[in-house]
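Which chain is which? The protein sequence lines are A and B, in order. The opening residue of the first sequence carries number 1 in the working numbering; numbering runs sequentially from there. The opening residue of the second sequence carries number 1001 in the working numbering; numbering runs sequentially from there.
What the hints contain is simulated information worked out from the structure, not anything from laboratory work. Possibly wrong hints are sitting among the right ones.
[Unchecked claim] FRET-style restraints, in silico, Cβ to Cβ:
#1 A:Ala78 to B:Ser1080: 29 to 39 angstroms
#2 B:Ala1082 to A:Ser58: 14 to 24 angstroms
#3 A:Glu15 to B:Ala1082: 39 to 49 angstroms
#4 B:Gly1053 to A:Asp7: 22 to 32 angstroms
#5 A:Lys69 to B:Pro1008: 39 to 49 angstroms
#6 A:Thr27 to B:Ser1096: 48 to 58 angstroms
#7 A:Ser28 to B:Ser1100: 10 to 20 angstroms
#8 A:Lys69 to B:Val1060: 25 to 35 angstroms
#9 A:Ser12 to B:Lys1070: 44 to 54 angstroms
#10 B:Gly1003 to A:Asp7: 45 to 55 angstroms
#11 A:Ala78 to B:Asp1062: 43 to 53 angstroms
#12 B:Gly1016 to A:Arg41: 22 to 32 angstroms
#13 B:Ala1109 to A:Asn93: 24 to 34 angstroms
From the three backbone atoms N, C-alpha and C, an ideal C-beta is built for every residue, glycine too.
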Amino acid sequence: SQQGEEDPQALSIQEGENATMNCSYKTSINNLQWYRQNSGRGLVHLILIRSNEREKHSGRLRVTLDTSKKSSSLLITASRAADTASYFCAPRNTGKLIFGQGTTLQVKP
Amino acid sequence: NAGVTQTPKFRVLKTGQSMTLLCAQDMNHEYMYWYRQDPGMGLRLIHYSVGEGTTAKGEVPDGYNVSRLKKQNFLLGLESAAPSQTSVYFCASGGSDRSSGANVLTFGAGSRLTVL
C-alpha cells in the first residue's frame, strides 16, 4: 500500500514545547509530503522531502526521511496554540496521493 | 485567483436521490482528486484524474462516478445516494510546488453531504 501511517494518533503538549510525529510507509517513493488540516477545513501542504534528501527545514518545521527504514518524522519547534491541527503524511510514487489517519496535535496555551 | 472551489458547500439528500459535486480549479493543474473524510478519520481517495479526459479509481470508488471533460473541472456524481455516503467531500488539484518543483495538492474547503 502507498498509504502512510502516522504515529502517535494523538499528541498533547504545552505551548513552547516541540512536537514530533512520525510516518511509516511500505513502498518505494519519489517523495513524501506533509499536510496540515485545521478543524473542518481542507488540507494545506506544509513541506515535501524528496527520496534523495535526508532532512529539510522550513521555518519551525523540520522533516527527516529514512528510506532504508521507510519512515519520516515531522518536528514542529516552539509550538504555538495555532499549531493545533491534524497532520498527515503522504508518501508518493505515482499520480495518486493516499493519506493515513493522521496525528491530532493539541497545543495548550 | 480562487484556487480550488467546491460547490455546493452543504447538501442534504434522501436515500436514492442523485447529485453532482463540482470542483473547479483555476491553476491550470493537470491532476485532480476527490476524497471523502468521515468523522475522526483520515481522507480516503475516491477517484482521481491525471489530465483532461482521464479518470482512475482510488481506494473507495464504489457508488461514485466522475468526469473530467474540461481541465479545470472535476465532477463527482452519486447516482443513488446511500446513508453510508454521508461524509465531507474534499476536492484537490495537483500542481508544482514552488520550492521543489514536485507535484503537491491544493485542497478545496469541502462539501458536507448528509444522506437521510
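Checklist line | Hint check for asparagine 93 of chain A and alanine 1109 of chain B - Cβ pair distance inside 24 to 34 angstroms | finding: Given range 24 to 34 angstroms: holds, Cβ gap about 28 angstroms.
Next item on the list: Hint says 48 to 58 angstroms; check whether the CB-CB distance for threonine 27 of chain A and serine 1096 of chain B agrees.
Entry: Because 23 angstroms falls outside the window, the suggested range is violated.
Margin query: Assuming the hint says 44 to 54 angstroms, is it satisfied by the Cβ distance from serine 12 of chain A to lysine 1070 of chain B or not?
Written below: Given about 45 angstroms between the Cβ atoms, the range holds.
Check: How does the Cβ-Cβ distance of alanine 78 of chain A and serine 1080 of chain B compare with 29 to 39 angstroms: does it lie in that range?
Finding: Check failed, 51 angstroms falls outside 29 to 39 angstroms.
Notebook entry, point to check: Does 43 to 53 angstroms hold as the CB distance between alanine 78 of chain A and aspartate 1062 of chain B, or does it fail?
Noted result: holds (45 angstroms)
Check: Would you say the C-beta atoms of alanine 1082 of chain B and serine 58 of chain A sit inside 14 to 24 angstroms of each other?
Finding: violated (42 angstroms)
Check: Could one say that the CB atoms of glycine 1003 of chain B and aspartate 7 of chain A fall in the range 45 to 55 angstroms?
Finding: violated (31 angstroms)
Note to self: Can you tell me whether the CB distance of lysine 69 of chain A to proline 1008 of chain B sits inside 39 to 49 angstroms?
What the structure shows: holds (44 angstroms)
Check: If you check the beta carbons of lysine 69 of chain A and valine 1060 of chain B, does the distance land in 25 to 35 angstroms?
Finding: holds (29 angstroms)
Checklist line | serine 28 of chain A paired with serine 1100 of chain B, Cβ distance criterion 10 to 20 angstroms | finding: With a Cβ separation near 18 angstroms, serine 28 of chain A and serine 1100 of chain B satisfy 10 to 20 angstroms, so the hint holds.
Check: CB of glycine 1053 of chain B to CB of aspartate 7 of chain A, is that within 22 to 32 angstroms?
Finding: violated (40 angstroms)
Item checked: Range hint 22 to 32 angstroms (beta carbons of glycine 1016 of chain B and arginine 41 of chain A) holds or violated -> For glycine 1016 of chain B and arginine 41 of chain A the Cβ distance comes to about 31 angstroms; the hint holds.
Hint check: violations occur at hints 1, 2, 4, 6, 10; the rest are consistent with the structure.
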